[in-house]
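Q: Please model the entire structure based on the sequences and the hints provided.
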Amino acid sequence: MGETVRFHRRGTGGAAEKPVELPESVIPGVARICALGLGLPELLDEICREVAALFGTECCCLVAIPAGGAPVEVRRFPGGGETAGLRDVYRELCLREEILSRLRDEGPLAVPDLSALSPDDPVRALFEPASVRSLLVVPLRIGTALNGLLAFHAIGSPRSWEDGERRLAEEAAPILAAALERKTMEERLLASEARYRFLADNALDFISLHDLEGSYLYASPASRRMLGYRPEEMTGVAADAFHHPDDLPKLREGNRRLAAGEGLSVTVQHRLRCKDGSFREVETVSSPVTVGGGEVRRILRITRDITERKQMESRIFEGQQQETIALLAGGVAHEFNNLLVGINGTAEMLSLLLSGNEEALQYLSTIERLGNRAVELTRQLLAYARQGVRTPELLSLPRLVTEDFPALRAALPSSVEIRLELDEGVPPVRVDLFQLKQVIVSLCLNAAEAMPCGGTLTIRTRQEDTVPEGPRDATGPSGDGIERRLFSGGEFPGPWTFLDVADSGAGMEEATLKRIFEPFFSTKFIGRGMGLAAVRGIVENHGGAIRVYTEPGKGTVFSIGFLGAEGTPAAEEPREPPPLCGEGTILLADDEEDVRDVVRAMLESFGYTVVTARDGQEAVEIFRERAGEVDLILLDMMMPRMTGAEAFAEIRRISPGARAILASGYDVQGAGREFASRGFSAFLQKPFRRGELGRKVGEALGSGSRGTSGES
1 MGETVRFHRR
11 GTGGAAEKPV
21 ELPESVIPGV
31 ARICALGLGL
41 PELLDEICRE
51 VAALFGTECC
61 CLVAIPAGGA
71 PVEVRRFPGG
81 GETAGLRDVY
91 RELCLREEIL
101 SRLRDEGPLA
111 VPDLSALSPD
121 DPVRALFEPA
131 SVRSLLVVPL
141 RIGTALNGLL
151 AFHAIGSPRS
161 WEDGERRLAE
171 EAAPILAAAL
181 ERKTMEERLL
191 ASEARYRFLA
201 DNALDFISLH
211 DLEGSYLYAS
221 PASRRMLGYR
231 PEEMTGVAAD
241 AFHHPDDLPK
251 LREGNRRLAA
261 GEGLSVTVQH
271 RLRCKDGSFR
281 EVETVSSPVT
291 VGGGEVRRIL
301 RITRDITERK
311 QMESRIFEGQ
321 QQETIALLAG
331 GVAHEFNNLL
341 VGINGTAEML
351 SLLLSGNEEA
361 LQYLSTIERL
371 GNRAVELTRQ
381 LLAYARQGVR
391 TPELLSLPRL
401 VTEDFPALRA
411 ALPSSVEIRL
421 ELDEGVPPVR
431 VDLFQLKQVI
441 VSLCLNAAEA
451 MPCGGTLTIR
461 TRQEDTVPEG
471 PRDATGPSGD
481 GIERRLFSGG
491 EFPGPWTFLD
501 VADSGAGMEE
511 ATLKRIFEPF
521 FSTKFIGRGM
531 GLAAVRGIVE
541 NHGGAIRVYT
551 EPGKGTVFSI
561 GFLGAEGTPA
571 AEEPREPPPL
581 CGEGTILLAD
591 DEEDVRDVVR
601 AMLESFGYTV
611 VTARDGQEAV
621 EIFRERAGEV
631 DLILLDMMMP
641 RMTGAEAFAE
651 IRRISPGARA
661 ILASGYDVQG
671 AGREFASRGF
681 SAFLQKPFRR
691 GELGRKVGEA
701 LGSGSRGTSG
711 ES
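Residue 684 in the numbering used here sits at position 684 of the sequence shown, with consecutive numbering throughout.
Be aware that one or more of the hints could be misleading.
[Said to hold, decoys possible] With a Cα cut of at most 30 Å, we get these calculated DSSO-like pairs of lysine-lysine:
no.	residue 1	residue 2
1	LYS514	LYS554
2	LYS275	LYS310
3	LYS310	LYS514
4	LYS514	LYS437
5	LYS275	LYS250
[To be verified] What follows is a set of in silico ranges between Cβ atoms, one per label pair, in the way DEER data are often shown:
no.	residue 1	residue 2	range
6	ASP201	LEU264	23 to 31 Å
7	PRO112	GLY39	33 to 41 Å
8	ASP105	ARG225	36 to 44 Å
9	LEU95	ALA35	43 to 51 Å
10	ASP201	ARG166	45 to 53 Å
11	ARG225	LEU95	41 to 49 Å
12	ALA374	GLU566	21 to 29 Å
13	ILE142	SER115	30 to 38 Å
14	GLN321	GLY543	17 to 25 Å
15	PHE434	ILE367	17 to 25 Å
Simulated from the structure, these hints should not be mistaken for laboratory data.
Keep in mind that this is a model prediction, so the values were computed, not measured.
Ideal placement from N, C-alpha and C gives every residue a C-beta, glycine not left out.
A: Below is the structure:
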């Protein structure tokens, strides 16, 4: 502590007080306390205690005045008793600019006896209510800024402040000011760090700090929620270990640009690997962290999980794509199916006329076969667009596979072995028979194409009690392979009946798996067809589920599932078709001349009298003139001037008992039910064959047989 100086202090009345020994310097004691690493309140308390003991005063106060309007910190020793009011006094003093300016401009304020001051003096008015009789206040400065006060007080009786006491107090002021400034800055830094750490620890986004080589220096707790990794599992690890290999070039280019100072930030969409091996779609904003000279030393990254957003965008795009295809399919169905009525119908009529010419019949058979393939393509387009007419019925999947096995066997190469693993106890399903057969054939043909050199194709049926909820379309690792799941129904409890079609081919890569349900996508043949796209449309239109599991080098399993239904599928009973030949007059309205001519020839071949109209309005006019002659009207749905439905409404006003069949090239969901409510006897889907036309007309007329006619 150094040598001491002994002197006698005198009161204001001149009487000598007991001698007081002061140290030559208070700096060693204050420095020792500052080195203890205490917090600001504790530091002020210890300095107050030390200085009060050295000076032998009744009360010592140390006041910290932070910049920026922060709360004033006041500590005193001793802390209780009649000095308790000094805390409020000094907080008030720090608001009195006239007193603070005196301390800044004139230095220490020494008042031996407050009562000697004028009653209007602001110092007396402030301290006298706190029982202070005498005070010495020393300003603590950093430059010209006031950052604190060191104050000594005498309570109750006056006290003179000797030159030695003032010297020691002023000597202690700079080190106390520096200690306060340093401690205040430390506290601010700690508070700032705590705030930023709180923000980083509680942010939904993943925040990380990297060196220029890319290694993690810091990873926020969001890593556990987003990726499944604890922050300590990522710290010190190269970031490339968590990135998808395909994304590394653009990420490294972004780092290079930041390190070279070519931008304030870089935004990249990429994939991060989760602890379970799956990948999340993320968007990362990277910013450089620089030091004094502007040199980039670190890279700060804020990463947001956009997996759900990307899936939503994909669903929106898919919906828009399906809507576009649906519009296209509707137009194709109408125009193309009208053409097919003429093509296929003409071939059928020629077959009747040339029944004895075998060579001509072979050519006509080729025309019919190609026409039927065109019809099938149109149906696949409509199935993908979810517009196909479906008639659900209760079916047994094992029975259906067994019944269709001979046809499947004939359709597949002999190098493909077919195995059936059918559980006869699975619940029946309520689906459209034709569309389900289309699904099975498409899956089997796809499996056979995956085994060009031959292999094993396994068809199995099985039951699952539930289908787990999840994203509508999700692809990710599963076991040793990759799985894609598509769910369309909202009812996930079962039982569910699944049909699996497994091949022993080469399997698929993830990129291929994500595209297999796109129209006309194929890894083997450009524009192969709509097979798997139609499968997806049919299954989703029935509220079903699809799973595709593939393992490169080992094969692929396509699983389609439908909710099990109650009941027992009825055995298919042979149905006696209505007679094809009949009599009566039929009014035929269609805006396509070729269609009118072919359909007229078909009807006349059955023995009917046919009157034709070019559109709905002409059909109404003809019916008004010949209402008593017409037994049945056959109307195309879409015609200029007046549609088929509008024309039939007008005809019903003329004759409420009129009967009509509506025909259309549009494959409209539930069209038969919709137009039955308007009084139509039936709905006839274009393109139709001669035999189908004869049966529909016979059913509508309820006509009796007048003989036989060859049905094609």
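Q: Does each hint hold? Answer for all of them.
A: Hint by hint, here is what the structure shows:
For the given pair, LYS514 sits about 18 Å from LYS554 by alpha-carbon distance, which is consistent with the 30 Å threshold. The suggested pairing of LYS275 with LYS310 holds, with an alpha-carbon distance near 21 Å, which does not exceed 30 Å. Between LYS310 and LYS514, the direct Cα distance comes to roughly 14 Å. Compliance with the 30 Å bound is thereby established for this hinted pair. As the CA atoms of LYS514 and LYS437 are separated by approximately 25 Å, the hinted pair is consistent with the 30 Å bound.
Of the pairs offered as hints, the one joining LYS275 and LYS250 holds, with about 23 Å between alpha carbons and a cut-off of 30 Å not exceeded. Between ASP201 and LEU264 the CB atoms are about 25 Å apart, so this pair conforms to the stated range of 23 to 31 Å. Taking 33 to 41 Å as the suggested C-beta distance range, the pair PRO112 and GLY39 conforms, at roughly 35 Å. Between ASP105 and ARG225 the Cβ separation comes to about 58 Å, which falls outside the hinted range of 36 to 44 Å.
Restraint check, LEU95 to ALA35: a C-beta distance of roughly 33 Å breaks the suggested window 43 to 51 Å. Restraint check, ASP201 to ARG166: a C-beta distance of roughly 51 Å satisfies the suggested window 45 to 53 Å. Our hint of 41 to 49 Å for ARG225 and LEU95 holds, since their Cβ atoms are close to 48 Å apart. Between ALA374 and GLU566 the beta carbons are some 39 Å apart, a value that contradicts the proposed interval 21 to 29 Å.
Look at ILE142 against SER115: about 35 Å separates their beta carbons, and that is inside 30 to 38 Å. At roughly 21 Å, the beta-carbon separation of GLN321 and GLY543 lies within the given 17 to 25 Å, and the hint holds. Separated by about 23 Å at the C-beta atoms, PHE434 and ILE367 satisfy the suggested range of 17 to 25 Å.
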